[in-house]
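Engineer: Go ahead and model the full structure; you've got the sequences and the hints to work with.
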Amino acid sequence: MIIPCPWCGDRDHSEFRYGGDATKDRPKHGTGDLKEWHDYYFLFDNPKGPHTEYWQHVLGCRRWFRLSRNIATNEIGGLA
Amino acid sequence: MKRFRRLAADGRIDRARPVGARFDGKPLQGFAGDTLASALLANNKVLVARSFKYHRPRGIVSAGIEEPNGLFTLGEDATTEPNVAATVTDLYDGLIARSQNAWPSPDFDLMSVNSLLSPLFQSGFYYKTFMGPFKGSWMFYEPFIRRAAGLGTATDLPDPDRYETRYEFCDVLVIGSGPAGLAAALTAGRSGARVILAEQDSDFGGSLLSGSDAEHEAWRTASVAELQGLDNVKIRTRTTVQGLYDANLAVLVERRDHLKPNARKGQSRQILTSLRAKMIVMATGSIERPMVFSNNDRPGVMLASALRTYANRYAVAPEKRAVIVTNNDSAYDAAVDLAKAGVAVTIADHRATVEASHFARAASHGIAVFPATGIADVEGAKGISRVKLSGAHAVSIDCDVLGMAGGWSPVVHLSSHGGIKPKYDEAIAGFVPGGFAPTQFGAGAMMGVFGLAAAVADGANAGAKAASAAGFGKTRLVYPPEHVTDRTYAILPVWSAPQHGKGKAFVDFQSDVTTKDVKNAHQEGYQSVEHLKRYTTLGMGTDQGKTSNINALALMAEHRGISIPEAGTTTFRPPYAPLTMGAIAGRTVGAHFRPVRRSPLHDWHEKNGATFIDAGLWKRAWYYAWAGNSPETAYVKEMELVRRNVGLSDVSTLGKIDVQGPDAAEFLNRIYVNGFAKLPVGKVRYGVMLNDDGVVIDDGTTARISDTQFYMTTTTAQAGEVMSWLEYLLQCHWTELNVQVASLTDEWAGMAVSGPKAREALKLAFPDIDVSNEALPYMGCRDVVFEGVTLRLLRMSFSGELAYEVHVGADHAIPLWEHILKAAAPLGIRPYGLEALASLRIEKGHVAGLELDHRNTLDDLGLGKMAGKEKDYVGKALRFREDCQSPDRWSLVGLELMEPDKKLRGGSILFAANDEIKGHGRGYITSVTWSTELNKFIALGLFQGGLKHEGEEIVAAFPLRNEQAKLKIVSPHFIDHEGARLNA
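Protein chains in written order, with this note's numbering: chain Z, 1 to 80; chain L, 1 to 984.
Everything labelled a hint here was simulated from the structure, so no lab data went into it. Certain hints may be false.
[As the list claims (entries may be wrong)] Dumping the calculated DSBU-like pairs for lysine-lysine here, alpha-carbon to alpha-carbon at most 35 Å:
#	chain 1	residue 1	chain 2	residue 2
1	L	Lys865	Z	Lys28
2	L	Lys265	L	Lys607
3	Z	Lys48	L	Lys423
4	Z	Lys24	L	Lys637
5	L	Lys871	Z	Lys35
6	Z	Lys35	L	Lys869
7	Z	Lys24	L	Lys423
8	Z	Lys35	L	Lys968
9	L	Lys968	L	Lys637
10	Z	Lys28	L	Lys683
11	Z	Lys24	L	Lys678
12	L	Lys871	Z	Lys24
13	L	Lys421	Z	Lys48
14	Z	Lys48	L	Lys619
15	Z	Lys28	L	Lys869
Structural biologist: Here it is, written out as structure tokens:
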């Protein structure tokens, strides 16, 4: 995969780390009961197709960003 | 009996350059330009191998990468490489080749008794014996099977050769340099695009190299010359594209054995390139299929196209007479070229009617054509003596070789690596690519476009499209050689001979799979092509079924009464051809397998008797020679030094993170379970971090340098993870916080001065700095300047003794370390290593990486009371979920060995006193040490229910050594419960 870092541009995926599902809203700090945090942390959709994920340019500028990636084909849909 | 001869003239061999290789210990002569296969045939070596299961005599079948039989072990001793196809091995001076799977020789193979045992080796043999007929069957058979069936043997010596991996980029990658590939590369090259042409063969031209037409040859050489003249084009021979991956990543492997590379001179034997191509044109050609009939594996039964290649390219022709059996028109090209080389040729054509021009052409070269005729059987034990025909002309013919022209299978492998299944093309009776990604194109025979003119036009078109798609619009198309008109190509799909002789009819030569095996698989219900493959091992050899797959699935389709498209193909996966592990590993072997991290004090440790131990990527000083020659004795002495006197230890590997900003205190207050908002400037606090799910990620200390600046340390192991986690929270979620984090792990060194005399040591080292208990109390910190260099003094303790850490910029680490040692020498200060460091903390009951294994909660580690009740922190909500609150969780305990004559081992499984010693137990020991304070073995561990069981006697079992020992559960704080030493 070639991943477009918002700072550095297109780079090989080996420079990045995957950071999980980015479609969910993290409960604001200091809020949220057990169920809200449970659903946020443990329940995920697993769509076959485009998905929004967190990635970090960990071996580059260390920028975290949201990326659209097709899980079935690895087609990169761009920054989300 | 002589079956092959070297022609007196022509061919692409350089007769002025004789080459001497060794084969099975004897000299083998050939010429530059020969392959090992052509040299063997030129020397009339027809029987060169024994088959995988039955040890049947085998000869070379093909002239290319698809070779199923002619596999040899090359090199010797450390350079041994097994299972290399002779057809892709350049003959060079000094080449050493040995035959495989035959003892003592292929010609006289004692193992061929396997032929008599053939019922044992029927399809599904491995599966059936695995399950029965009696318990332990596999154990019984396995040694026999391993010895009798198999390929070459790899060496277990280290590979002395050098391999390289590298990255490359281009606009257009063209794979294959046949007519279509040359046309594509040249058309794309003329546009100015950066083009790479990869050819697996030793020369460019593909099928053109097997022809004999002078005009075609002139076209080929002109095309290659023009490509060589273009600065924007790189052309590579002996370079196989092994796989295509996401985003047009192609993996190329270049073989350089013919250059006799010398690792000591830095020359690589193979180079693996990860190539990012904007566009890819596949012009991978096609592979001829064998035909399936009785004894079709006799040495001398070869692909018709291979006979043509050997005659035209290598000047090696059958001695006198050849029979060619075919179901299509391409056989006539081979027959004519053999006839030109003076071979008497008979064509047995399965088809009743053949286009008149082919007949006429055959007749003009004196070739006999028998329509509606196939092969009944092939006779001859170690070579062909006679071929029995069946059908309209059921005669027997004495001959040297039998050519098989079963039609052409486009090489669709690479086009399928991205997951696009190939589709069946009735017109050519073969599979063609089922489609392409927008950045990929196909051309020529791999698309089912046969014929020179058509392939060139197709290639030029694909090259122009690829260049245009890469942003290079203007080009000049390449045209075929003049006077070329493609002959018609017609095929009658015939998958099995209408009339069978009694012999085995092989579908897959390399895996020894016969028509009967396919039939058995069908009868036993393994009917899908994927099941057929795994049940019979069809296509699972080093050739990956390049010659056998289509025949096999066609036969299965016949058995099932379905069409070939309905049967489908198996999945094509990389690599396309066998490659060495060395090429994949490249230079990342031995010391270069992974990076090494060294502390800024590393050189001092090395010069001063440290023995090192790997801790993740770090090399850490384990123990020092002053204390002893083995870790078992040295660490105890180093521990005593710290407990009774003072020691100096390198803690530079700790993660060090600078946290700055107006909201830094609020940020730390959120990520640590305990409060940091009100930490005063000049104070240090121990903190624990949780993940969102309430599990402990890491612990460490954080010092407040100013209102807006904090200095955090993490464990060595989690430094990178914690850094990423902080960045994630700040960048993705808590964007309202004005905080910046920066890693200082490599910029700063740290050294711990520990022991009752630690303050005295600092006083001696820094006489002008006030380190009194008042000026620097327990958990205090201060930046001071010593000889112009800023030092960060932190009074904190991992060992439980009076202790300080001195942090300093990495460049100043060694001078400072040496200064402390020298200044405090009158006290008897000495360095101590990781083993003592880790043991001292066990006595103190501090958790570390072995306890913080990302499965434990705060309560599991006895740290629950640390957490703020009022404030919110990461992981607070899920920390209280039901499972985390269970009273039976495995929790931290201290352990004392009750049997002084025994030894405790880390990883031992813990059981209650009355438990049966079996299974996973109720916990395990995480850390063990000899306690110099208590004079016994002590340990930390996780035990079901934890300290609820304090005082109970339990059992530690170490089943690997069949050891058991009685332990007592105690508090994990073995020493100084009140912390008197810390506050001294």
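Engineer: Each hint: holds or not?
Structural biologist: Cross-check of the supplied hints:
no., hint, verdict
1, L:Lys865 to Z:Lys28, "holds (25 Å)"
2, L:Lys265 to L:Lys607, "holds (32 Å)"
3, Z:Lys48 to L:Lys423, "holds (24 Å)"
4, Z:Lys24 to L:Lys637, "violated (55 Å)"
5, L:Lys871 to Z:Lys35, "holds (19 Å)"
6, Z:Lys35 to L:Lys869, "holds (20 Å)"
7, Z:Lys24 to L:Lys423, "violated (41 Å)"
8, Z:Lys35 to L:Lys968, "violated (40 Å)"
9, L:Lys968 to L:Lys637, "holds (26 Å)"
10, Z:Lys28 to L:Lys683, "holds (30 Å)"
11, Z:Lys24 to L:Lys678, "holds (33 Å)"
12, L:Lys871 to Z:Lys24, "holds (25 Å)"
13, L:Lys421 to Z:Lys48, "holds (19 Å)"
14, Z:Lys48 to L:Lys619, "violated (44 Å)"
15, Z:Lys28 to L:Lys869, "holds (19 Å)"
Checked against the numbered hints given earlier, the structure breaks hints 4, 7, 8, 14 and satisfies all the rest.
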